[in-house]
Amino acid sequence: MISNTLDSRALGFGDCYGQRFMKPGTYRYDVVSAGGGSLVTEHPYTIEVAEAKGEATMKQHDVMLTTKERRFVADTEVLTINEGDLVLWACADPNAHAFEVSGDQAFFGNAALTNECGYSHAFGTPGRHHWVDALGGPAEGVVSVKEVRCSTPAELASWRKRLSRGTLVMINDGKVEPAEINVVVGQRVFFAVVSTEPMTITDSNLVGACRGD
Amino acid sequence: MSLTDVHDVFAAIHEDGLDDLLRRFFGARPKYLNYGSPGFVAGTTVNATQMPAIQFPGVPGGIDWTVRIERPRVDAHPQSAGLPPELDPLGPQRVSIRTVVEICVACTGRRDDEPDPDRPDDPTHGKPHQDDPDRPVGKDLRPVCFKVEVFAIAHAERTSSPTGDALRLVVDAIELVDLEPNELESVVECLLLQILRAVLASVRLPLTALRAGAFELVPTAGPLVQDDQIEMFGNV
Amino acid sequence: MDITAAIDEPAADDLLDTAIGLVTIPPATGSGALGPFVASYNASGALSPGDVDLIAPATIRIDDFRLDWNLSFSFGIDLSTFLPDFCLPRVCVNIPCVGRVCTPRVCVDWPTVSVPVSFSDFVEVTADFGISITESGGVWKVEAVVQGVPNLQFGATTAALLAAISLAVTPILLAIPFAGPFLAVAVNAILVAIGIAGITGFLGPILSPFVSGLRIPIYEQAKNFEAIPAAGATDPAVFVTIDDVRAEITSTDEDELVLAIDIS
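Chains as they are written, first to last, in this note's numbering: chain A, 1 to 213; chain B, 1 to 236; chain C, 1 to 264.
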């Protein structure tokens, strides 16, 4: 099951939260139910960021989450990375409820995206999806999702080939490039944030009442 | 030795070029070669210049006359064209001019409306002259003419023109060929000296023409007549 | 020849100083290789005078005249060349009677970004000019025409242009996610890829035509030359025909540019 809810604050099955760590140090976090980040007092998981040596390239580290007794469990308790590396969190449990990565520093966590981070979502519902920043910032965009035919092996193969291509949306200081994109059902979009005031990527239907729209 | 010498710019027109320029000038403006009173020239046009008739008591309307000058030919020092002994040789800084002048006077001996008893059936009386359609109709002028070859010596002077610095030729001396008696020759020489001097005074050749528009020239020396050409020197 | 006009070397210097300043170089557009990149450009230039040396029989050397040039260009950078790929984790489910089904491996392609650069500089050129005499369309022209393709020495320009590219690239890359501290690496990689040779190879073909096609007017006159303008209804203009024009450099006690003109 792929979550159809477009909301970077609440990650579902198939969604990812990515964060680059730009300075050496020790960063602690927990993975909790979406919305529970403000209540976190303990951070059982650690990211150890070592100083980068020479002109190292950005490495990617994946942390897979599962659930146990309704708690989220990371597959790595202490992850050691280099300065500038990217860490991606995803949940492998299709039955898990929406979750949130909550770090011990303001930039670290998907409740509010700020700096060198990202959020990916697979669009399962055809139609026009208008997203906004639920925290009131200027960033917004449209993802138009097209239905596909998969009644023949060839059509299925074509669809799977499309699915293997991710679409990148870049957000910097409130500016979105490209602001409008077209994808097919099942295709994933990665929203990459360079630097911004804390923001979210949230379906406008979810925030209309709060923004007074 | 350089052409410009101590100056920046040099321009010179050869005597052949000067001939070409004068041919073009008088070809475009023949009025400077053709002068006549109203009996011969109805009005000043590009072809002829009207002058007053010679007024004399008892001659109604005055004595009509005309002077026609052939296009002058020039020779710049050193001399390469023949000159009468009185003007030979051509001196330094001098130009010789050769031309032919025809002078006519109207020789009317009777009133306009009286027929000529010698030619009672003269069909030209009262009709346009077949050789000179510009001649006013209705007057039988009976022109009496003579031609004389004229040689002159001139020098070049810088003057001004509507377009800036210009060159003109100033006649210094004149000599007629084979006119007698000598006193008559002297009178006619004096007359033609004044006429030729006046004609050439009105021919002002811009310095731009002398250099065909090449370069800029602010005159500092010249005109000098040497090496078969008229030379000017200047700065930019 | 009927008319002779001559100027000495200092006057020729003045004449060509004025003429060269009036030469209009048509702007150029196109695309060229900028190291490994392809850049599309708009270029314009203007000339400033140099020092004239008249060399018999028919060469005019102009030392150190200046070509001031402006260049606006843009080139595309495929960020995949400099930034590492990243791929989204695969997640799998067990579907009864179907088995384990996983999401495909999704990797994100970095886009190609366009980098606009504007730069101005000058290059000093020394070139030999021959004398060209033509009559076309009823107009005589004597022009100094550059001989060969002068070798343009760019000197410090190349380093300055690389610096300008670096300044242009930096803010663009700053707006790219995950460029981060690798920005310097990416910028440096771009500059190294272009290099001095790339700059020279880019500028040369653009700017050389500005000089190699140079024609400086010395004399221009209608074949049917108005020697004396009209001065009234009975004083029409007087025209002469310019039949022939010749030009050469003579060297006696000084060097002179001499025009000989035949009229009729």
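Check the hints yourself; a few may be wrong.
Chain B regions said to be covered by chain C (calculated; three or more residues, Cβ under 8 Å) [to be verified]:
#	segment
1	17-25
2	52-62
3	85-94
Which residues of chain B face chain C? A few of them, derived with a C-beta cut under 7 Å, are [what the hints assert, rightly or not]:
#	residue
4	M1
5	L3
6	T4
7	V9
8	F10
9	A12
10	I13
11	R71
12	R73
13	V236
Once the Cα atoms are required to be at most 20 Å apart in a straight line, the calculated EDC-like pairs of lysine to aspartate or glutamate come out as [stated by the list, open to error]:
#	chain 1	residue 1	chain 2	residue 2
14	A	K23	A	E69
15	C	K141	C	D128
16	A	K23	A	D93
17	C	K141	B	E216
18	A	K59	C	D109
19	C	K223	B	D16
20	B	K31	C	D235
21	A	K59	A	E48
22	A	K59	C	D85
23	A	K175	A	E147
24	C	K141	C	D13
25	A	K161	C	D85
26	A	K59	A	D93
27	B	K147	B	E216
28	C	K223	B	D19
29	C	K223	B	E185
30	B	K31	B	D140
31	A	K59	A	E77
32	A	K161	A	E140
33	A	K161	C	D68
34	A	K53	A	E83
35	B	K31	B	D88
36	C	K223	C	D243
37	C	K141	C	D235
38	C	K223	C	E143
39	C	K141	C	E220
40	A	K68	A	D93
Everything labelled a hint here was simulated from the structure, so no lab data went into it.
From the three backbone atoms N, C-alpha and C, an ideal C-beta is built for every residue, glycine too.
Against the structure, the hints:
1. 17-25: holds (count 5)
2. 52-62: violated (count 0)
3. 85-94: With 0 residues close enough to chain C, the hint is violated.
4. M1: holds (6 Å)
5. L3: holds (4 Å)
6. T4: Status holds, d = 5 Å.
7. V9: Holds: closest Cβ of chain C sits about 5 Å from B/V9, inside 7 Å.
8. F10: Holds: closest Cβ of chain C sits about 4 Å from B/F10, inside 7 Å.
9. A12: holds (5 Å)
10. I13: At about 5 Å, which falls below the 7 Å cut-off, the nearest Cβ of chain C leaves the hint on B/I13 intact, so it holds.
11. R71: violated (13 Å)
12. R73: violated (15 Å)
13. V236: holds (5 Å)
14. A/K23 / A/E69: Measuring from Cα to Cα gives roughly 35 Å; hence the hint is violated.
15. C/K141 / C/D128: holds (19 Å)
16. A/K23 / A/D93: Status violated; Cα separation ~31 Å.
17. C/K141 / B/E216: Cα-Cα ~16 Å, so holds.
18. A/K59 / C/D109: holds (16 Å)
19. C/K223 / B/D16: holds (18 Å)
20. B/K31 / C/D235: With Cα atoms ~9 Å apart, B/K31 and C/D235 stay inside 20 Å; holds.
21. A/K59 / A/E48: Measuring from Cα to Cα gives roughly 14 Å; hence the hint holds.
22. A/K59 / C/D85: holds (9 Å)
23. A/K175 / A/E147: Roughly 28 Å separates the two Cα atoms, so the pair is violated.
24. C/K141 / C/D13: holds (19 Å)
25. A/K161 / C/D85: holds (18 Å)
26. A/K59 / A/D93: violated (25 Å)
27. B/K147 / B/E216: Outside the cut-off at roughly 43 Å; violated.
28. C/K223 / B/D19: holds (18 Å)
29. C/K223 / B/E185: Violated - the C-alpha atoms of B/E185 and C/K223 are around 45 Å apart, more than 20 Å.
30. B/K31 / B/D140: violated (23 Å)
31. A/K59 / A/E77: holds (19 Å)
32. A/K161 / A/E140: Given that 20 Å is the threshold and the Cα spacing comes to 28 Å, the pair is violated.
33. A/K161 / C/D68: It is violated: about 53 Å lies between the C-alpha atoms, which goes past 20 Å.
34. A/K53 / A/E83: holds (9 Å)
35. B/K31 / B/D88: Violated. B/K31 to B/D88 sits at ~31 Å, over the 20 Å cutoff.
36. C/K223 / C/D243: holds (7 Å)
37. C/K141 / C/D235: Answer violated: C/K141 to C/D235 is near 29 Å, above 20 Å.
38. C/K223 / C/E143: With a Cα-Cα distance of about 16 Å, the restraint between C/K223 and C/E143 holds, given a limit of 20 Å.
39. C/K141 / C/E220: Cα-Cα ~4 Å, so holds.
40. A/K68 / A/D93: OK: A/K68 and A/D93 at ~10 Å, within 20 Å.
Consistency with the previously given hints fails for numbers 2, 3, 11, 12, 14, 16, 23, 26, 27, 29, 30, 32, 33, 35 and 37, ordered from lowest to highest.
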